[in-house]
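So the chains spell out like this:
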Amino acid sequence: MAALQHFDDNPCRPRHFKPPPCAPIVPEGPARQALEACRSRLFFTSILFACVFAVVALRIVEVVVLEGGSAQSHMPRFRIPAPPVPARADIVDRNGKLLAATLDSPSLYANPKQILDAADAARKLVQAFPSLKSDEVYAKLTSEKSFVYIKRHLTPREQYEANQLGIPGLQFQHEERRVYPDGTLTSHVVGYTGIDNSGFAGIERGLGDTLKDRQGSLQLSLDLRIQYVLREELQRVIDDFTAKGAAGLIMDVNTGEVLAMVSLPDFDPNHPGATDPDHPGLSLADRMFNRNTLGVYELGSIFKIFTVAMALDYGTSTLTSTYDATHPINIGRFTIGDYHGKHRVLSVPEILMYSSNIGAAKMAMAAGGQRQREFLSRLGLLKAPKIEVSEIGSPHFPAKWRDVNVMTIAFGHGISVTPLSFASAAAALVNGGILRQATLLKQPPGDAPSGQRVISPTTSEKMRKLMRLVVEHGTGTQAAAPGYLVGGKTGTADKVSGRHYAEMKLLSSFVGVFPINDPKYLILTMVDEPHPNKQSHGYATAGWTVAPVTSRVIQRIAPLLGVEPVDESSPEIQRELAVESLQGKKIEAY
Amino acid sequence: MIRVGTLFWFVLVSATAFAMFGVKYQVQALDDELARTKRVTAAEEHETRVLDAEWAYLTRPEMLETMNHQFLSLAPISTKQLRTTVADIPMRPALPAPPPPTENITVVAAADSTSPTGTPSAPEGVPTTMATPIPITTPTELPPTQSALRAMPALLEKSAAAPQVVKAVPVKAVAKPATPRRAKSLDDLISQIMASR
Numbered sequence: 001m002a003a004l005q006h007f008d009d010n011p012c013r014p015r016h017f018k019p020p021p022c023a024p025i026v027p028e029g030p031a032r033q034a035l036e037a038c039r040s041r042l043f044f045t046s047i048l049f050a051c052v053f054a055v056v057a058l059r060i061v062e063v064v065v066l067e068g069g070s071a072q073s074h075m076p077r078f079r080i081p082a083p084p085v086p087a088r089a090d091i092v093d094r095n096g097k098l099l100a101a102t103l104d105s106p107s108l109y110a111n112p113k114q115i116l117d118a119a120d121a122a123r124k125l126v127q128a129f130p131s132l133k134s135d136e137v138y139a140k141l142t143s144e145k146s147f148v149y150i151k152r153h154l155t156p157r158e159q160y161e162a163n164q165l166g167i168p169g170l171q172f173q174h175e176e177r178r179v180y181p182d183g184t185l186t187s188h189v190v191g192y193t194g195i196d197n198s199g200f201a202g203i204e205r206g207l208g209d210t211l212k213d214r215q216g217s218l219q220l221s222l223d224l225r226i227q228y229v230l231r232e233e234l235q236r237v238i239d240d241f242t243a244k245g246a247a248g249l250i251m252d253v254n255t256g257e258v259l260a261m262v263s264l265p266d267f268d269p270n271h272p273g274a275t276d277p278d279h280p281g282l283s284l285a286d287r288m289f290n291r292n293t294l295g296v297y298e299l300g301s302i303f304k305i306f307t308v309a310m311a312l313d314y315g316t317s318t319l320t321s322t323y324d325a326t327h328p329i330n331i332g333r334f335t336i337g338d339y340h341g342k343h344r345v346l347s348v349p350e351i352l353m354y355s356s357n358i359g360a361a362k363m364a365m366a367a368g369g370q371r372q373r374e375f376l377s378r379l380g381l382l383k384a385p386k387i388e389v390s391e392i393g394s395p396h397f398p399a400k401w402r403d404v405n406v407m408t409i410a411f412g413h414g415i416s417v418t419p420l421s422f423a424s425a426a427a428a429l430v431n432g433g434i435l436r437q438a439t440l441l442k443q444p445p446g447d448a449p450s451g452q453r454v455i456s457p458t459t460s461e462k463m464r465k466l467m468r469l470v471v472e473h474g475t476g477t478q479a480a481a482p483g484y485l486v487g488g489k490t491g492t493a494d495k496v497s498g499r500h501y502a503e504m505k506l507l508s509s510f511v512g513v514f515p516i517n518d519p520k521y522l523i524l525t526m527v528d529e530p531h532p533n534k535q536s537h538g539y540a541t542a543g544w545t546v547a548p549v550t551s552r553v554i555q556r557i558a559p560l561l562g563v564e565p566v567d568e569s570s571p572e573i574q575r576e577l578a579v580e581s582l583q584g585k586k587i588e589a590y
Numbered sequence: 001m002i003r004v005g006t007l008f009w010f011v012l013v014s015a016t017a018f019a020m021f022g023v024k025y026q027v028q029a030l031d032d033e034l035a036r037t038k039r040v041t042a043a044e045e046h047e048t049r050v051l052d053a054e055w056a057y058l059t060r061p062e063m064l065e066t067m068n069h070q071f072l073s074l075a076p077i078s079t080k081q082l083r084t085t086v087a088d089i090p091m092r093p094a095l096p097a098p099p100p101p102t103e104n105i106t107v108v109a110a111a112d113s114t115s116p117t118g119t120p121s122a123p124e125g126v127p128t129t130m131a132t133p134i135p136i137t138t139p140t141e142l143p144p145t146q147s148a149l150r151a152m153p154a155l156l157e158k159s160a161a162a163p164q165v166v167k168a169v170p171v172k173a174v175a176k177p178a179t180p181r182r183a184k185s186l187d188d189l190i191s192q193i194m195a196s197r
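From first to last, the protein sequence lines are chains F and Y.
Read in the numbering used here, the first sequence has 564 at position 564, and its numbers run on one by one without any break.
Read in the numbering used here, the second sequence has 75 at position 75, and its numbers run on one by one without any break.
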């Protein structure tokens with residue numbers, strides 16, 4: 001009422017202007033009281049709000065001006081998440097040395113719509129990554145797209161540098177890449193992967209699913225140090241004899257574990273498609289070919305150990321049996337002769353020692369084709385080997401086992417097997433007669449996989465003595481490694497070229513076992529088309545090429561494997577390895 | 001009475017609200033902490049993976065062999081070296097004199113203070129004697145390190161193998177001229193250096 005009066009009393013008020021009532025005119029009474037209460041409540045509320053706003057304002061001042069300490073605590077929720085756990089397990093050797101690892105290798109991409117200054121960004125990027133071209137980067141950054149790759153698969157250092165540039169609009173895309181720190185060294189065993197990390201060769205392919213599902217690394221039976229020694233020595237023999245290639249493997253005869261597997265020429269799994277700068281002429285297929293598991297070869301005379309073992313195990317020959325090797329055998333259009341024949345009657349140990357083809361053929365004929373086939377089949381030589389890598393070669397052998405086949409197979413021609421199958425079978429001959437499947441995975445110590453008996457322990461013992469004889473007096477004298485009691489057998493095969501054998505193209509191989517009195521390791525080496533050199537006096541046979549390799553490799557790896565050297569001339573060892581039938585006789589040198 | 005009740009409820013509600021928000025923020029902070037720890041762990045693991053790969057790359061046999069040729073020239077152990085058993089290695093000759101203080105035997109090359117003449121400090125005028133290798137004396141007067149080093153070539157010669165090892169390790173260390181004593185002045189130092197040439 002008072003307000004209304006106040007307007008009415010204003011003398012300057014224009015006549016036509018009637019001020020709107022600014023508050024309802026409330027008469028005295030309970031309504032008025034309610035209004036008053038309302039006002040006081042509003043007053044208190046506004047004070048409360050004023051306090052809250054004051055607190056907020058103070059907080060703002062604190063955050064902005066005084067940089068409140070806890071201002072950053074909620075930031076991380078908006079950051080980029082950490083790279084996820086790699087999708088593929090690592091591969092390590094038997095000592096835990098890394099052979100293959102999956103590393104995060106982000107790709108750098110840009111969203112050109114977010115780039116503020118393309119020219120400056122391009123200049124900075126080219127400065128950080130000299131491999132990029134300035135105009136190309138500029139064209140990318142000014143394109144109409146919203147996603148352009150700047151650089152794929154950065155290294156951690158490159159990622160750091162890209163981050164340091166601080167250009168808005170640049171982002172990283174999470175990508176993974178398989179890395180092989182040892183490069184060519186384990187290329188054929190470990191294999192390699194493609195762009196999407198799927199296995200293309202070796203273990204990567206053979207055990208691809210296992211690697212994907214696995215937590216923790218996959219441990220192979222391979223020993224990187226031994227692998228290195230073997231590779232180096234094989235490379236040396238290739239260089240010395242200008243050979244086409246070489247292969248070698250080292251196996252634990254009691255467990256079937258493969259400690260080293262080398263096939264040369266090889267490739268770099270980090271850049272599988274790249275050409276070898278040292279050998280630009282070699283094709284990719286040639287270098288990726290695993291001679292140990294995929295290649296099948298007529299291995300030649302090293303097969304004679306199977307012929308002798310068969311004859312001894314079936315009892316068709318004894319160590320005292322003799323066969324006339326005076327004249328070559330003529331069968332059909334073939335003539336079977338000896339390389340450096342003795343041209344006399346030879347006993348069984350002598351046949352192996354001097355590597356007589358005639359003698360081996362006659363021994364096999366005495367046993368018969370059926371037994372021979374059955375024996376080779378029992379040793380697993382007539383079927384493809386089983387191992388973890390994906391490259392497996394099937395053996396070639398005659399469908400019809402005729403007499404001529406029996407004779408040639410006796411000395412390793414007319415049957416092609418993979419070196420891996422051969423090594424497994426040869427290990428069974430010396431380890432007491434148990435055939436175990438070769439494996440590239442580390443077996444728990446003291447837990448030898450159960451094998452299958454293929455020959456009697458007595459035959460195995462005789463084979464050990466005979467193989468020792470070959471190295472002591474026969475064709476393999478250059479394989480001797482003093483103190484390590486090497487036993488073995490040489491093999492020099494003529495390679496098949498077209499429909500007949502090429503005399504000048506050889507495949508020299510050597511199977512060695514040490515220590516032969518208690519076999520632990522088997523080493524099989526093979527060199528493809530070696531050419532004679534001056535040091536070898538014009539020979540390119542196994543005795544001059546791979547036998548010395550075996551000797552050198554054994555001398556280098558035996559200390560690593562913990563094999564103690566022994567005194568070879570000690571009477572106990574002489575007695576242990578003596579062949580009774582040769583006792584007291586003067587052994588003629590090869 | 002009603003006012004007291006309202007006040008009670010008001011206090012209760014605000015207390016619960018504060019408590020609730022407090023707990024909520026605590027949980028959020030812990031969540032953040034957890035996420036951060038997880039992320040840091042993952043980043044560290046990733047770092048470890050990278051370093052592992054780098055280590056594997058840097059210690060690959062090829063690299064080790066190169067470094068061996070460059071710095072150590074070690075040769076593979078030959079059979080002859082392994083032929084000797086522990087029993088074949090002769091015992092160290094008994095030392096009648098007590099070993100000198102350890103500080104003097106730490107570096108063989110600088111061990112001139114323990115020179116057999118027993119002079120604690122060399123006279124200034126004759127620095128030439130300091131430049132000569134360790135003088136020939138009876139082994140009993142040498143500190144253990146020296147006697148071991150001097151005995152080592154003989155030990156290795158006995159096995160007559162790995163000539164590189166024999167060459168590399170002990171001979172170099174012993175043949176290195178002993179560093180002259182600390183010079184009293186710069187001129188002194190220069191004269192020492194000149195004399196040692």
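Careful, some of the hints might be misleading.
As the list claims (entries may be wrong) - No farther apart than 20 Å at their CA atoms in a straight line, the calculated lysine to aspartate or glutamate pairs in the DMTMM-like style are these: (1) F/K495 / F/D528; (2) F/K97 / Y/E33; (3) F/K113 / F/E136; (4) F/K133 / F/E158; (5) F/K244 / F/D528; (6) F/K97 / Y/E45; (7) F/K97 / Y/D88; (8) F/K400 / F/E374; (9) F/K386 / F/D403; (10) F/K505 / F/E374; (11) F/K145 / F/D120; (12) F/K342 / F/E572; (13) F/K212 / Y/E45; (14) F/K140 / F/D120; (15) F/K585 / F/D403; (16) F/K97 / Y/D32; (17) F/K212 / F/E158; (18) F/K495 / F/E472; (19) F/K133 / F/D120; (20) Y/K38 / F/D104; (21) Y/K80 / F/E564; (22) F/K97 / Y/E54; (23) F/K97 / Y/E47; (24) F/K585 / F/D324; (25) Y/K80 / F/D528; (26) F/K151 / F/D209; (27) Y/K80 / F/D567.
Since the hints were derived computationally from the structure, they do not count as laboratory data.
Predicted model, so just to flag it, every value in this text is computed and none were measured.
A quick look at each hint next to the structure:
no. : hint            : verdict
1   : F/K495 / F/D528 : holds (9 Å)
2   : F/K97 / Y/E33   : violated (35 Å)
3   : F/K113 / F/E136 : holds (17 Å)
4   : F/K133 / F/E158 : holds (16 Å)
5   : F/K244 / F/D528 : holds (5 Å)
6   : F/K97 / Y/E45   : holds (18 Å)
7   : F/K97 / Y/D88   : violated (35 Å)
8   : F/K400 / F/E374 : holds (13 Å)
9   : F/K386 / F/D403 : violated (30 Å)
10  : F/K505 / F/E374 : violated (31 Å)
11  : F/K145 / F/D120 : holds (19 Å)
12  : F/K342 / F/E572 : violated (31 Å)
13  : F/K212 / Y/E45  : holds (19 Å)
14  : F/K140 / F/D120 : holds (13 Å)
15  : F/K585 / F/D403 : violated (34 Å)
16  : F/K97 / Y/D32   : violated (37 Å)
17  : F/K212 / F/E158 : violated (28 Å)
18  : F/K495 / F/E472 : violated (28 Å)
19  : F/K133 / F/D120 : holds (14 Å)
20  : Y/K38 / F/D104  : holds (17 Å)
21  : Y/K80 / F/E564  : holds (11 Å)
22  : F/K97 / Y/E54   : holds (12 Å)
23  : F/K97 / Y/E47   : holds (18 Å)
24  : F/K585 / F/D324 : holds (19 Å)
25  : Y/K80 / F/D528  : violated (33 Å)
26  : F/K151 / F/D209 : violated (30 Å)
27  : Y/K80 / F/D567  : holds (10 Å)
Hints 2, 7, 9, 10, 12, 15, 16, 17, 18, 25, 26, counting from the list given before, are not met by this structure.
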